[in-house]
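Listed below are the residues making up each chain.
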Amino acid sequence: MNRREALFSLGAAAASTGLAATGRAAEIKGMPEATQMSADHLPVPARQGGAFRVLTDETDQKTLAAVFDRLIPADGNGPSATEAGCLDFVDDQLSRDYGAGKALYLEGPLNRENEEAIMGSPQFLATPRERYAAGLKALDAYAQKTDGAAFHALSPGRIDEILTGLEAGEIDLGADVNGQAFFELMLQNVREGYLADPLYGGNRDMAGWKMIGFPGARYDYRPYIDRRGEDLALAPVSLIPQD
Amino acid sequence: MANERPKADVVIVGLGWAGSVMAEELTRAGLNVVAIERGAWRDTSTDFPPAVDPDELRWHTRRELLQPMSVETTTFRNTSAQTAAPVRNWNAFQFGWNVGGAGTHWAGMSWRFLPWDFEVAGRTAERYGQAKLDGLMAEGLMLQDWGVTYEEMAPFYDRFERIAGTSGKAGNLNGQAMPGGNVFEGPRERDYPTPELKDTHWMRMYRETAEGMGYHPFTIPAGNISQAYVNPLGVAMGPCTYCGFCDFHGCGNFSKSSPQACILPALMRRPNFTVLTETEVLHAVKHEDGKTVTGVKFVTRDGQEGFQPADIVCITAYQMDNVRLMLLSGIGEQYDPVSQQGTVGRNYSYQTCSSVTGFFSGAKMNPFIGGGALGVQIDDFNGDNFDHAELDFIGGAGIMGYSTNGRPIANMNGIRPGSKRWGSEWKEAYARDYQEVANIFCQGTSMPARDAYLSLDPTYTDRHGQPLLRLTFDWNRNDKSMIEHATGKAIEIMKEAGGEDLMVDNQAEASWNPYKQHSSHTIGGLVMGADPATSALNPYLQSWDCHNVFSVGASAFPNNGGYNPTLTVGALAVRAARAIHETYVNNPGPLVEA
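Which chain is which? The protein sequence lines are A and B, in order.
Everything in the first sequence is counted per numbering that gives the first Met the number 0, starting at 0 for the first residue and increasing by one.
Everything in the second sequence is counted per numbering that gives the first Met the number 0, starting at 0 for the first residue and increasing by one.
If you're looking for bench data, these hints aren't it; they were derived computationally from the structure.
Bear in mind the structure is a predicted one, so any value in this text is a computation, not a measurement.
For each residue, glycine too, the CB sits at the ideal point set by N, CA and C.
Don't take every hint at face value.
[As the list claims (entries may be wrong)] Computed Cβ-Cβ distance ranges for the label pairs, DEER-style:
| id | chain 1 | residue 1 | chain 2 | residue 2 | range |
| --- | --- | --- | --- | --- | --- |
| 1 | B | GLU125 | A | GLY29 | 46 to 56 angstroms |
| 2 | A | SER154 | B | TYR514 | 33 to 43 angstroms |
| 3 | B | SER480 | A | ALA116 | 22 to 32 angstroms |
[Said to hold, decoys possible] Pairs of lysine-lysine, DSBU-like flavour, derived with a Cα cap of 35 angstroms:
| id | chain 1 | residue 1 | chain 2 | residue 2 |
| --- | --- | --- | --- | --- |
| 4 | B | LYS515 | B | LYS197 |
| 5 | A | LYS144 | A | LYS61 |
| 6 | B | LYS168 | B | LYS494 |
| 7 | B | LYS419 | A | LYS61 |
| 8 | A | LYS101 | B | LYS515 |
| 9 | B | LYS131 | B | LYS479 |
| 10 | B | LYS197 | B | LYS479 |
| 11 | B | LYS197 | A | LYS209 |
| 12 | B | LYS168 | B | LYS197 |
| 13 | A | LYS28 | B | LYS494 |
| 14 | A | LYS28 | A | LYS144 |
| 15 | B | LYS515 | A | LYS61 |
| 16 | B | LYS363 | A | LYS209 |
| 17 | B | LYS515 | A | LYS209 |
| 18 | B | LYS419 | B | LYS296 |
| 19 | B | LYS494 | B | LYS479 |
| 20 | B | LYS419 | A | LYS209 |
| 21 | B | LYS494 | B | LYS197 |
| 22 | B | LYS515 | B | LYS494 |
| 23 | A | LYS101 | B | LYS419 |
| 24 | B | LYS419 | B | LYS363 |
| 25 | B | LYS419 | B | LYS479 |
| 26 | B | LYS6 | B | LYS296 |
| 27 | B | LYS6 | B | LYS290 |
| 28 | B | LYS419 | A | LYS144 |
| 29 | B | LYS363 | B | LYS515 |
| 30 | B | LYS285 | A | LYS28 |
| 31 | B | LYS515 | B | LYS479 |
| 32 | A | LYS101 | A | LYS61 |
| 33 | B | LYS168 | B | LYS363 |
| 34 | B | LYS494 | B | LYS131 |
| 35 | B | LYS296 | A | LYS101 |
| 36 | A | LYS28 | B | LYS6 |
| 37 | A | LYS209 | B | LYS494 |
| 38 | B | LYS296 | B | LYS285 |
| 39 | A | LYS136 | B | LYS419 |
| 40 | A | LYS28 | B | LYS290 |
Chain A on its own, in the form it takes in the complex (with noise of 0.2 angstroms):
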């Protein structure tokens, strides 16, 4: 077995990990002298192919993949989102700890108005998981009634213009959802999948790292360091080596 295919049977192995869950006795004397990996720490790969896990509802796929390929379309810079593996990177995340929201404070109660004029911006009780199921159904319903058609069949420009104004604030996606934190999280996502190591399904071909210069996971630029302001080319690695 390499490397590529040991890491990722262990990425189908371990599931969703409990927090610091060592499985270590509590009490230490002495230096531990053991050299394994903690179960825990070790890589944990998006799962490889198969059904969606998350975004099981085709329209929702359908609705997320029209979204994604707005916000990083396919041009000179590179491939889109979706061809990026973006929205594979996210339904794998929101299967995960992040998608169940296990390392936010989800306790009550959560006075909306007084929260969001303390910090600044909205908080949710919600996982993430729980705020795309609702804000998919929300975007499509919202196409639905303004333009008599499904979200993924508008054109680009009323795709865009609608972004436009979820961003600033200014669509309503009903009482359920605010349409533009909900937009932020989509945002922050998918520039997440693109930008992300390759491991977690996303930045296929390091297209997101290649588009900016980013060499990736190296670790030494010791070689680097004094040739100041040069082009040094450097060609991205991953943690994972590459298909």
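Fit chain B to the known structure of chain A by using the hints.
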């Protein structure tokens, strides 16, 4: 209690930098020490080797080395008139969640505070007259000295630098100014353990520009060390490789100063040391005499409660948790901003910051060549290094040109002003600006104010049902004036360097909130001082209220310097530990008469 452990001489609550330093001193002196840490055991080769560490999404974006809010968060409001809300998502605070604490994932900037920072009240009156000090106090500031001077702290700073392997160049050797170092620093007895780091392209541009303007640029002292080094504990460190995955990450090279890289290999081998991991201290237990504590109550990962008896309790958790643990233990009196009585929770302050971003057409900054503490700074406008006689504020800011990282997700909005954040326009902008952007950061002092304080929240609780800590804070007028002044200087430098399309983010222009900060530096709430009416701890970090309780952290700072806090935390830990094993254990009682 069912699960009562054998008595220890000392129990350490929180095994980060402060706890590790104290445990090392105390075990070396022969005391039997038990440390209790709520995070897991983490080490270089098992948890963040080079094949795992350069992963921005996991460690920086998702912050998987940090303590999640679901474990414990804070609540926040700007004023006492508001109802505080819980901080639900990742935010300014970066609490540790492992053995090593925040010392594992920190950036590494390794500053001594200025002599002035320890005596802001006394020196302001001395240089500018009592009327200036009185005026600031009447306005609501709560300026007070630390009860310890820089001269007294210098040997402890030196000790911590030797343990950490700090890289840098002296600017003041025994009172003699050393060109190329920070000529504004307090006197040091000897040079840094390892030489300063190298310049990136932007650092060299910044250095030459600042020098040309008559300022005194120097390389920031760094806990990303420049060459192989063996510290006084016999622990070996390796050279920094400028990998750019430093803050929020572990270090796979043994080159970031951290408890893992500097202390634990020696400490763990001592037979009189034990650590309980994934075990959280709920509170200290007071003796019926009211003047001491008998130990600490804890809960394990599996929910088993227990008791660790000890003669001495050292509370060395993160700043917020030190204050919270004292309040949950009923040690000392909660500060009340109306009556100004009580000492626990007072003198909370932050770090007053701004940034200036500029763009350099056609440049190749190569921002991926970076280090957490890699940068060039001027201190010409920090502390009291410049004349404040005609200014309406005290304090100042370090102004740095830095090269910490080129992580692509973190920098994705570092594009010329007016550019869209999405679509082909974003791609075009980011493809161009990734190499052309450079930043200056102003890291300023923060002065304590009457209305800024910490207390327990009446509504929200943590996973164990204990109240969260509530923060009431907003920028004060003095600090706003200070950072405006410093930001003006930074803008001049950026323009002089040739930066165009400037973006200025003065954080004090809007009300403070935990989602907007560039800095994570949170201080005060359990401050040291010579006067028990205005401090919770005496100058040896010993509680005025329970003499066998000591607490070390940035929580002990009565005001913030224009610097990162870690080196001062480490130096205070050495000082407190030595006071314990050299004096306190021989004759337990208050080290200073109230």
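Going through the hints against the structure:
Evaluation of the 46 to 56 angstroms hint for B:GLU125 and A:GLY29 yields a pass: the beta carbon distance comes to about 53 angstroms. Roughly 35 angstroms separates the CB atoms of A:SER154 and B:TYR514, a value that falls within the hinted 33 to 43 angstroms. Checking the proposed 22 to 32 angstroms range against B:SER480 and A:ALA116 shows it holds: the Cβ atoms sit about 26 angstroms from each other. This hinted pair checks out: B:LYS515 and B:LYS197 have alpha carbons roughly 31 angstroms apart, not beyond 35 angstroms.
At most 35 angstroms may separate the alpha-carbon atoms for a hinted pair to count; A:LYS144 and A:LYS61 meet this at roughly 18 angstroms. Of the supplied pair hints, the one linking B:LYS168 and B:LYS494 holds, its CA atoms being roughly 28 angstroms apart against a limit of 35 angstroms. Of the pairs offered as hints, the one joining B:LYS419 and A:LYS61 holds, with about 24 angstroms between alpha carbons and a cut-off of 35 angstroms not exceeded. Restraint check: the Cα-Cα separation between A:LYS101 and B:LYS515 comes to about 22 angstroms, which is no more than 35 angstroms; the hinted pair holds.
The straight-line distance between the Cα atoms of B:LYS131 and B:LYS479 is roughly 17 angstroms, inside the 35 angstroms bound, and the hint therefore holds. Taken as a hint, the B:LYS197 and B:LYS479 pair is honoured in the structure, with Cα atoms around 34 angstroms apart against an allowance of 35 angstroms. Straight-line distance between C-alpha atoms of B:LYS197 and A:LYS209 comes to about 27 angstroms, which keeps the hinted pair within the 35 angstroms bound. Between B:LYS168 and B:LYS197 the alpha-carbon distance is near 12 angstroms, which keeps this suggested pair within the 35 angstroms criterion.
Of the supplied pair hints, the one linking A:LYS28 and B:LYS494 is violated, its CA atoms being roughly 56 angstroms apart against a limit of 35 angstroms. Straight-line distance between C-alpha atoms of A:LYS28 and A:LYS144 comes to about 66 angstroms, which puts the hinted pair past the 35 angstroms bound. The hinted pair formed by B:LYS515 and A:LYS61 meets the criterion: a straight-line CA distance of about 34 angstroms does not exceed 35 angstroms. At most 35 angstroms may separate the alpha-carbon atoms for a hinted pair to count; B:LYS363 and A:LYS209 meet this at roughly 15 angstroms.
A distance of roughly 30 angstroms separates the Cα atoms of B:LYS515 and A:LYS209; the hinted pair therefore holds under the 35 angstroms criterion. Between the alpha carbons of B:LYS419 and B:LYS296 the distance comes to roughly 53 angstroms, so the proposed pair goes past 35 angstroms and is violated. Taken as a hint, the B:LYS494 and B:LYS479 pair is honoured in the structure, with Cα atoms around 23 angstroms apart against an allowance of 35 angstroms. Only pairs whose Cα atoms come within 35 angstroms are accepted, and B:LYS419 paired with A:LYS209 is accepted, the gap being roughly 20 angstroms.
For the hint pairing B:LYS494 with B:LYS197, the CA-to-CA distance comes to about 24 angstroms; that is within 35 angstroms, so the pair holds. As the CA atoms of B:LYS515 and B:LYS494 are separated by approximately 25 angstroms, the hinted pair is consistent with the 35 angstroms bound. Straight-line distance between C-alpha atoms of A:LYS101 and B:LYS419 comes to about 31 angstroms, which keeps the hinted pair within the 35 angstroms bound. The suggested pairing of B:LYS419 with B:LYS363 holds, with an alpha-carbon distance near 22 angstroms, which does not exceed 35 angstroms.
This hinted pair checks out: B:LYS419 and B:LYS479 have alpha carbons roughly 30 angstroms apart, not beyond 35 angstroms. Restraint check for B:LYS6 and B:LYS296: the C-alpha separation of about 13 angstroms stays at or below 35 angstroms, so the hint holds. A threshold of 35 angstroms between alpha carbons decides the hint, and for B:LYS6 with B:LYS290 the separation of about 19 angstroms falls inside it, so the pair holds. A distance of roughly 28 angstroms separates the Cα atoms of B:LYS419 and A:LYS144; the hinted pair therefore holds under the 35 angstroms criterion.
Distance check on the hinted pair: B:LYS363 and B:LYS515 sit about 29 angstroms apart at the alpha-carbon level, within 35 angstroms; holds. In summary, the hint linking B:LYS285 to A:LYS28 is supported, as the alpha carbons are separated by about 28 angstroms, within the 35 angstroms threshold. For the hint pairing B:LYS515 with B:LYS479, the CA-to-CA distance comes to about 16 angstroms; that is within 35 angstroms, so the pair holds. With a CA separation close to 27 angstroms, the supplied pair A:LYS101 and A:LYS61 stays within the 35 angstroms bound.
Between B:LYS168 and B:LYS363 the CA atoms are separated by roughly 27 angstroms; this keeps the pair inside 35 angstroms, and the hint holds. With a C-alpha separation of about 34 angstroms, the suggested pair B:LYS494 and B:LYS131 falls inside the 35 angstroms cut-off, and the hint holds. Distance restraint check for B:LYS296 and A:LYS101: the Cα-Cα separation of roughly 27 angstroms lies within the 35 angstroms cut-off, and the hinted pair is therefore satisfied. The hinted pair formed by A:LYS28 and B:LYS6 meets the criterion: a straight-line CA distance of about 16 angstroms does not exceed 35 angstroms.
Straight-line distance between C-alpha atoms of A:LYS209 and B:LYS494 comes to about 30 angstroms, which keeps the hinted pair within the 35 angstroms bound. Distance restraint check for B:LYS296 and B:LYS285: the Cα-Cα separation of roughly 11 angstroms lies within the 35 angstroms cut-off, and the hinted pair is therefore satisfied. Taking the CA atoms of A:LYS136 and B:LYS419, the gap is near 26 angstroms; set against the 35 angstroms cutoff, the hint holds. Taking the CA atoms of A:LYS28 and B:LYS290, the gap is about 32 angstroms. The hint holds against a cut of 35 angstroms.
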